[in-house]
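Visitor: Listed below, chain by chain, are the residues.
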Amino acid sequence: MIQKSISPDTQVTLLLCSRLGQSNESSPRPLNATEYASLCQWLRNESRSLKHLFEPEVVDNYNKISRLEPKRLHALLNRGGALALAVEDWTNKGIWIISQSDENYPRRLIERLSNKAPPLLYGAGNSRLLSNGGLAVVGSRDISERAILATRQIAHHCVQNGIQLISGGARGVDSEGMQTVLENGGYVIGFVADSLLKMSVNGKYRQGLKEQRLVLVTANDPKTPFNVGNAMARNKFVYCLSDWTLVIASSYNEGGTWAGATENLKNKWVPLFVRDDVDVPDGNYRLIDKGAIALPPESFSNPEKFMMVLKNTQRSENKPCVVCDLATPYSSVNNDVNEYKMSAVISQSELISINETADNSIAEKPEQSDHDLFPIVWPSIEKELAEPKTDKELAECFNIELKQMRSWLSLAIKKGDVKKLSKPIRYVRAKHKGSLNTWIEI
Amino acid sequence: MDNTLKNKGLVLLRTALQVPSAEFRAGQWEIIEQLVNDNAHLLVVQRTGWGKSVVYFIATKLLREKGTGPTLLISPLLALMRNQIAAAERIGLSAKTINSSNHNEWYQIYSDLEEKKIDILIISPERLSNEEFREKLLPLAQTVGLFVIDEAHCISDWGHDFRPDYQRILRILQILPENIPLLATTATANDRVIEDIRSQIGERLGIFRGPLARASLILQNISLPSRAERMAWLAEYIPKMPGSGIIYTMTVKDSDRIARWLQSQGINAQAYSGESESSYRERMEQELLENKIKVLVATSALGMGFDKPDLGFVIHYQRPGSVVAYYQQMGRAGRALPQAYGILLAGEEDQEIIEYFIKSAFPKEEHVVTILGELEKSDDGLSIPMIESRTNLSRSQIENVFKIISVETPSPVVKNGSHYHATAITYTINKTKIERLTSLRHAEWNRINEYLQSRSCLMMFLQRDLGDYDAKPCGKCSVCVGHVLIPDRPSEDLIIKARQFLYTNQHVISPRLQWPAGISFSEEKWHGRIPEELQANPGRALSSWGDGGWGELVKSGKRANHFDNKLVHTMYDLIENQWKPDPMPTWITCVPSLRKKTLVKNFALELAGLLNIPFVDCIRKIKETNPQKMMKNSFQQVRNLDGAFEIDQDNIIDGPVLLIDDMVDSRWTFTILAAMLQSAGSGPVYPCALTNTQGKDVL
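Chains as they are written, first to last, in the numbering used here: chain A, 702 to 1143; chain B, 115 to 813.
Take the hints with a grain of salt, since some may be wrong.
Stated by the list, open to error - Under the rule of at most 25 Å between Cα atoms (straight-line distance), these lysine to any residue pairs were calculated in the SDA-like manner:
no., chain 1, residue 1, chain 2, residue 2
1, B, K491, A, E912
2, A, K772, B, K180
3, B, K491, A, T792
4, B, K529, B, D279
5, B, K180, A, L769
6, A, K772, B, T182
7, A, K752, B, L156
8, B, K473, B, V366
9, B, K180, A, N764
10, A, K752, B, S313
11, A, K911, B, T540
12, A, K924, B, Y541
13, A, K924, B, R241
14, B, K491, A, G904
15, A, K924, B, R248
16, A, K924, B, D494
17, B, K743, B, P630
18, A, K752, B, G320
19, A, K899, B, H533
20, A, K817, A, P771
21, B, K746, B, R504
22, B, K680, B, N716
23, B, K545, B, I519
24, A, K905, B, P524
The set of hints was computed from the structure by calculation and includes no laboratory data.
For clarity, every value in this text was computed on a predicted model and none was experimentally measured.
Next comes chain A alone, as it looks inside the complex (with noise of 0.2 Å):
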């Protein structure tokens, strides 16, 4: 018996999750990550598995109590034929597909994001690699030559310490952190937000992939070309698939960085650092001050100090700790895990001094005013707008708040980027196009 490509379980979830190769605008519309949580939710309390779901009684079932549109579910699973063509094509050209109860899914995901964890995983090279978590270098496209230094020097101490690097595998920060854990033996993560066949075939990954040192990984269908909402949309799997994330260049207020960490902040995934230093842009002060970990230069020049504050924070979090296991010893200050806190800035000494928590920090500071980030959001939100849709829709398509999707909308009618249409209400982008593009730094 020759092994198929994809599990049982992965083979019924691309039915109801993946758009299959084809476009955007394609219907039926695949389900969302929380509409795909709750349908397994209650296959589990039925005693039932995704398998079930090909005997159209059990869907009957479940579209009585849900709020799907009945036929939808119908439709999504007998795309077989769909399925079947563009499997065959994934897996010939390298790429596999996992879902959530296949042994490489990495647990950390759904632990850390519920029923936002992505259902389906398209990647190429060493999915083992997905659960091995280590550090993620995130940053901004066009940065610095003292940026691209320090980049490059935490990418060293990666490899060095046998820490793994976790990549957006964007231009910038991102591709430098890659190509230096790459070229000098090291292990990378790269979740990428381009055209997964492309970049797999790019002549720059080859040997990390062949050598299983690279997987590359996707939450959207592997040909799928760059767009902002999956960039935004990923940047919670870079943090969630890490121990620690480091920020070494953020604007303020904009761009998919900024966006990125404070999402990370207020939802506690993992401790942030931030990269202080004399040319760094105003988001990473801002950061700072939100509660993130201030790294001088220091911890970038000497890859001791670095590990040191890895550790540190790893303790701080009581979690297993990733590095202890290496060499270098421990420092004595840090042996109160429980009451330790830390600092927003870490002094020059080994020790490190005590401030607010990161935590209480964000929690008490209001939340962003709809303006701040819809520049970031608009760009996706207005793309599903291209045809007529209602605040309902949007809101199940971005897996957000009616509310917030409501307050958006109005926000973006009296900039006059939107129409709205009556019975029923619908909204449609609006003939002029402004020029949106440039509010986005990515």
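For this one, chain A is given, so just place chain B on it according to the hints.
Guide: Here is chain B on its own, set in the frame of chain A:
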């Protein structure tokens, strides 16, 4: 409920067959019912003509009425498609095919599919490997209601007819969810093939299998070693055969040659091969269907499922590679006739042809390694011409490598546009598999030879080999009746005529018009299109290497380093009486060789004497080159000759010239010298060779 469905099915059956009293054959309704009601996955093994297609037509009709999407039918050959479309239309199904020959209809078909106007979409397996096509098919495959795979034995590499594209189909079937019904059909699969298919697709696959006997067929085997004898036999007995039929040959060249020979003997014969234009093939199939031609001389390209119920005979000019292949091709005869003939002729060259096919079925490991090595060196991938310029591999060798490795999963290459890229997959050619398949091919070849010599019933031999163990002696074949049914010796007169025909087997050497891509040749930096004033004129080759005619004499002349005087006279006769080039050459020169200085030159001198025009020794070879035969693609062939020749400007005559060489293969030597001679001031150049060695192993 079931009865109403069955009644509905029966009405459809009668309409499709145009027989008001028709009933389902055993198994037909059961298959339809399981597909329609249970989304079953089934393999149906039934002889040609049993009615497999009517099964999936009726299943499609009933599924469509239930509201499912269209059927996707994957089938290898155009002949099949055209026949089936007509049958489907009788029960109100709209069937459309997408293939390389109807590109102009694609757009319409796509939009018809979107508007749900099409019930069955028929595509060839090769289409599935086409990137552009897949992109467009994918959205439409969204709602496929039934998968049908024709000639499913090709899935198994134990089958006689292993095709790389079916590996892709196999993987598609492995992923196909259980809520989509699947029907795989074949007329020819033995136990091992069926078991293999089942183990690969999954135990869920149900099997329907029927008896394979063909009562109307009369079988006889005849050994006639020389081509001339078999050609004579054909000319003598084809006119006596009932109705119209097919002669199968193993090579395209033989199909052409036999068709021309039969025509010269007043028999309405036509050639048919994969190299013929698709419109021509379509016309030939039609003419055969309508009995407008007596016989189609075809390669296996006239294939699976060609559906002519009243085909009177199938004759094999050479032994096919296996019993299964033989049964399948021969089995096309007499499906709706009380009596039809299946005659196997065996010749002395068969073995050599089969060996060649077996040997070239898989790419050599070193070719795979070379190509992957070149791809890995490049960041942006390479096109096939780019690989030609970097390696000494022929285009067909390169294509063969890609054909095999791009269906491996995961594949070491990905094609983007015209460029191939290396992926991160470390690939090693599966030597055990290749060895296993190669020895299987040899075993199959031995088996067909046992069939040739069989002392028990021929039909029973075939059936048992295909796993039909209930087979009984047919009582009709030459073994059962105990004597030949058709005389096995042709008349001596016809054998002599056939031999003469083989001896006038001349070829036109058509001029090359274009330098190979990426090359810049000679001091003049020739590249791109060859200007008309430097092109060669059409020339002639007297024979084909080892063709059973003059080619044999050329072969022995090469060995003896002297060409027989007969060849000079024959060449003279060819030029003076048959070819008659216009304007007539006024002088002769020849391609010089450093290895055999006198062989061609002496021949040219003697020919010049007969033609009564001067021989001028005006081309010098100034550099030893590798034998052109060793250069495997145009780029390397031309580069090998760069700087090899020099023209003696002072001796050039301003008049048409005959350029003599012993062998012609790639035509580059002639092309280059024609350009050099004309640029040095000669008149038009007529290439002229003793033998054409293209596609032959000479070294």
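Visitor: For every hint, state whether the structure bears it out.
Guide: Status of the hints after comparison with the structure:
no.: 1; hint: B:K491 to A:E912; verdict: holds (17 Å)
no.: 2; hint: A:K772 to B:K180; verdict: holds (16 Å)
no.: 3; hint: B:K491 to A:T792; verdict: holds (24 Å)
no.: 4; hint: B:K529 to B:D279; verdict: holds (15 Å)
no.: 5; hint: B:K180 to A:L769; verdict: holds (24 Å)
no.: 6; hint: A:K772 to B:T182; verdict: holds (14 Å)
no.: 7; hint: A:K752 to B:L156; verdict: holds (21 Å)
no.: 8; hint: B:K473 to B:V366; verdict: holds (18 Å)
no.: 9; hint: B:K180 to A:N764; verdict: holds (21 Å)
no.: 10; hint: A:K752 to B:S313; verdict: holds (21 Å)
no.: 11; hint: A:K911 to B:T540; verdict: holds (7 Å)
no.: 12; hint: A:K924 to B:Y541; verdict: holds (24 Å)
no.: 13; hint: A:K924 to B:R241; verdict: holds (20 Å)
no.: 14; hint: B:K491 to A:G904; verdict: holds (9 Å)
no.: 15; hint: A:K924 to B:R248; verdict: holds (13 Å)
no.: 16; hint: A:K924 to B:D494; verdict: holds (18 Å)
no.: 17; hint: B:K743 to B:P630; verdict: holds (17 Å)
no.: 18; hint: A:K752 to B:G320; verdict: holds (21 Å)
no.: 19; hint: A:K899 to B:H533; verdict: holds (13 Å)
no.: 20; hint: A:K817 to A:P771; verdict: holds (23 Å)
no.: 21; hint: B:K746 to B:R504; verdict: holds (12 Å)
no.: 22; hint: B:K680 to B:N716; verdict: holds (14 Å)
no.: 23; hint: B:K545 to B:I519; verdict: holds (13 Å)
no.: 24; hint: A:K905 to B:P524; verdict: holds (19 Å)
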